[in-house]
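Student: Using this note's numbering, the first residue of the sequence shown is number 385, and each one after it goes up by one.
Wrong hints could be hidden among the right ones.
List time: in silico DSS-like cross-link candidates among lysine-lysine, alpha-carbon distance up to 25 Å [to be verified]:
| # | residue 1 | residue 2 |
| --- | --- | --- |
| 1 | K703 | K648 |
| 2 | K686 | K632 |
| 3 | K648 | K686 |
If you anchor each label on the Cβ, the simulated ranges turn out as follows [unchecked claim]:
| # | residue 1 | residue 2 | range |
| --- | --- | --- | --- |
| 4 | R595 | Q813 | 43 to 51 Å |
| 5 | Q813 | P516 | 40 to 48 Å |
| 6 | A584 | W822 | 48 to 56 Å |
| 7 | P789 | A835 | 46 to 54 Å |
| 8 | R725 | E787 | 44 to 52 Å |
| 9 | P593 | G751 | 34 to 42 Å |
| 10 | Q813 | Q698 | 18 to 26 Å |
| 11 | P456 | P486 | 39 to 47 Å |
| 12 | I592 | E787 | 14 to 22 Å |
| 13 | L478 | W840 | 47 to 55 Å |
| 14 | R725 | Q691 | 40 to 48 Å |
| 15 | L462 | R595 | 42 to 50 Å |
Derived by calculation from the structure, the hints in this document are not laboratory data. None of the values given here were measured: they were computed from a predicted structure. By construction, the Cβ of each residue, glycine as well, lies at the ideal position given by its N, Cα and C atoms.
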Amino acid sequence: MNAHDVRGANAPSRFYALAGRVEAATHASELGFIACNEARLLVDYRQAALVSLSSARGPRLAAHSGLADPDPNTPYALWLTAVARRVAERCAELPQGARVLPLSADMLGDELAAEWSEWLPAHVWVLPLSGPDRAVGALLFLARDDAWPTTLTPDSAEFALLQLGSLLGYAWWSLVARPSRWRDAWRKVTRGRGLRYALAALFVVLLIPVREYTLVPAEIISTRSQVIASPREGVIHRMAVLPNSPVKAGQVLAELDDTTLRNKLAVAQAELATANTEMHQAAQQAIESQSAKADLGMVEGKWRERQVDVDALQREVDKLAIRAPADGVFVYSDPDDWAGRPVQTGERIGLLADPHALGVRAWAPVGEATNLASGAPMTVFLKVAPLDPLDARLDYAGYQPVEAPNGVASYSLRGTIDGTPPGARIGLQGTARVSGRWSVLGYLMLRRPLATVRAWIGL
385 MNAHDVRGAN APSRFYALAG RVEAATHASE LGFIACNEAR LLVDYRQAAL VSLSSARGPR
445 LAAHSGLADP DPNTPYALWL TAVARRVAER CAELPQGARV LPLSADMLGD ELAAEWSEWL
505 PAHVWVLPLS GPDRAVGALL FLARDDAWPT TLTPDSAEFA LLQLGSLLGY AWWSLVARPS
565 RWRDAWRKVT RGRGLRYALA ALFVVLLIPV REYTLVPAEI ISTRSQVIAS PREGVIHRMA
625 VLPNSPVKAG QVLAELDDTT LRNKLAVAQA ELATANTEMH QAAQQAIESQ SAKADLGMVE
685 GKWRERQVDV DALQREVDKL AIRAPADGVF VYSDPDDWAG RPVQTGERIG LLADPHALGV
745 RAWAPVGEAT NLASGAPMTV FLKVAPLDPL DARLDYAGYQ PVEAPNGVAS YSLRGTIDGT
805 PPGARIGLQG TARVSGRWSV LGYLMLRRPL ATVRAWIGL
C-alpha cells in the first residue's frame with residue numbers, strides 16, 4: 385500500500401499501516417522520524433516534535449518534523465525541552481484510557497508562555513510515550529492551527545492517534561529505555577523486602593571471620609650460610625667451581641692473581657739463600673778468627689730477616705686460594721663476571737649455603753604490612769610450582785624499611801620453611817602469604833579505603 389492509498393483508507397487501516405512501520409523500526413532515530421513525519425497519515429498538523437526524557441541527561445529534542453537531524457541547542461529546541469520538563473510530571477499522572485494532554489500557555493508559567501506564539505501554533509496535543517513500566521520515556525508534541533476534538537469515537541483518526549501513541553511508547557521503551565538484565569535484577573532487589581534481605585545478607589557476609597593476610601614477593605634462601613669474602617686486595621684470576629655447586633670443606637672456590645706475589649716470593653727466597661750462604665761463611669770464619677765472631681751475629685740477624693719476609697710472602701700466597709670453610713653450596717653469579725675483576729679486602733664474592741636448611745626471605749611493602757609478629761604463619765607459592773605451596777613461619781621482621789629489589793620501600797622478612805620440601809631449592813622466587821590476626825571480611829575489604837580516607841581527612 386503506497387502513501388496515496390494509505391491517505392485514502394479509513395483510520396483503522398491507516399493505523400495498521402503505521403503500526404507495521406513502527407514494528408519494523410530498529411533505531412531510535414528511525415522511530416522518531418516515523419512519529420514526527422508519518423503520523424500525518426492519521427491526522428493533519430503543522431509541526432511535530434519528539435522530546436526524550438532521559439534521567440541521566442534530562443529532556444532533549446530527539447526528532448522533529450521536516451528535519452533529518454535536529455539541533456538540540458537551538459533556542460527553539462531549548463524552549464521546547466523546558467516545556468517538556470515543565471509538563472512531564474503532569475503527563476505521567478494521566479489515566480491509561482486518555483494518554484493525551486491538551487497543552488495551553490496557562491500551564492507553562494509566565495516566562496515560557498511569553499514565547500509560545502513565537503514557536504508554536506494555538507492548539508497542541510502532548511502524547512506521553514510510556515512502556516510496560518508506566519514510566520514516560522518521551523513526549524510527542526503535535527501542533528496545528530485547528531482545534532483538536534474534545535470527544536473521540538472509536539473510528540475517528542484522533543482515537544487511532546492515541547493508540548499509535550501507546551504503540552510508540554512500547555517501541556521507544558524497547559529501543560531506548562528498556563533496562564538491562566542487571567538493572568532489572570537491581571530494581572527487583574531494591575524493591576520492597578528485597579532491599580532489606582539484600583542488606584541483611586550483605587551485613588552477614590561482611591561479618592564472616594577471616595584472617596588478615598599480606599601477599600609479598602619472596603625467594604628461597606638458606607638459614608645457615610656464610611659469606612665468602614676476599615681475604616686481601618687483588619684481582620680475581622678464576623672461579624674454581626661453577627655457581628650453585630656443592631663443595632667440600634677446604635676445597636678451592638676462587639683464586640686471586642698471583643703473578644706479583646710469586647715474583648716477590650721468588651726474590652725473597654733468593655735473598656734468603658744468599659743470606660744463608662753468607663751466614664755459613666761467617667760461621668766458618670768465626671772459628672778461625674776472633675774478630676769474625678762479631679760479624680756473625682749481624683749476618684745471622686740478616687738471615688732471620690730474610691726468613692721472616694719469605695714466610696710472610698708465603699702466607700700471602702696461600703691466601704690467594706679462597707677455600708670453603710665447610711661443606712655446602714657455593715652461590716654466586718656468572719663466573720665470566722668475576723674473571724679479571726679487582727676486589728677489596730672483605731668484599732663479598734659469594735655465599736656458602738647449607739642446602740638442607742631452607743628459609744624464605746620476603747619484602748613487605750610499608751603500606752601492606754599487617755601482622756609481622758614472630759611466629760606468624762606463612763605460605764610460599766613458588767612461580768615454578770604454584771599448586772604446591774610451602775608452609776613456613778616468620779622468624780623476624782625488620783623495623784626499618786629498606787629498598788626491596790622491585791624498588792619499593794619495604795620491611796625485610798625472614799622465615800623458616802617447615803621440613804625439606806623436594807621441589808624447593810635456593811634461589812627460587814614466588815609470593816609469600818603472611819597470615820595475621822582473625823578479623824571480619826568487612827574490615828579486610830575496607831581496611832585500605834579507611835586508611836586512605838583517614839590520611840586524607842587527618843582523623
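Student: A separate judgement is required for each hint: does it hold in the structure or not?
Tutor: How the hints compare with the structure:
| no. | hint | in the structure |
| --- | --- | --- |
| 1 | K703 <-> K648 | holds, 15 Å |
| 2 | K686 <-> K632 | violated, 42 Å |
| 3 | K648 <-> K686 | holds, 18 Å |
| 4 | R595 <-> Q813: 43 to 51 Å | violated, 24 Å |
| 5 | Q813 <-> P516: 40 to 48 Å | violated, 59 Å |
| 6 | A584 <-> W822: 48 to 56 Å | violated, 23 Å |
| 7 | P789 <-> A835: 46 to 54 Å | violated, 25 Å |
| 8 | R725 <-> E787: 44 to 52 Å | violated, 24 Å |
| 9 | P593 <-> G751: 34 to 42 Å | violated, 24 Å |
| 10 | Q813 <-> Q698: 18 to 26 Å | violated, 45 Å |
| 11 | P456 <-> P486: 39 to 47 Å | violated, 25 Å |
| 12 | I592 <-> E787: 14 to 22 Å | violated, 37 Å |
| 13 | L478 <-> W840: 47 to 55 Å | holds, 49 Å |
| 14 | R725 <-> Q691: 40 to 48 Å | violated, 35 Å |
| 15 | L462 <-> R595: 42 to 50 Å | violated, 60 Å |
Against the hints set out earlier in the document, violations occur for numbers 2, 4, 5, 6, 7, 8, 9, 10, 11, 12, 14, 15.
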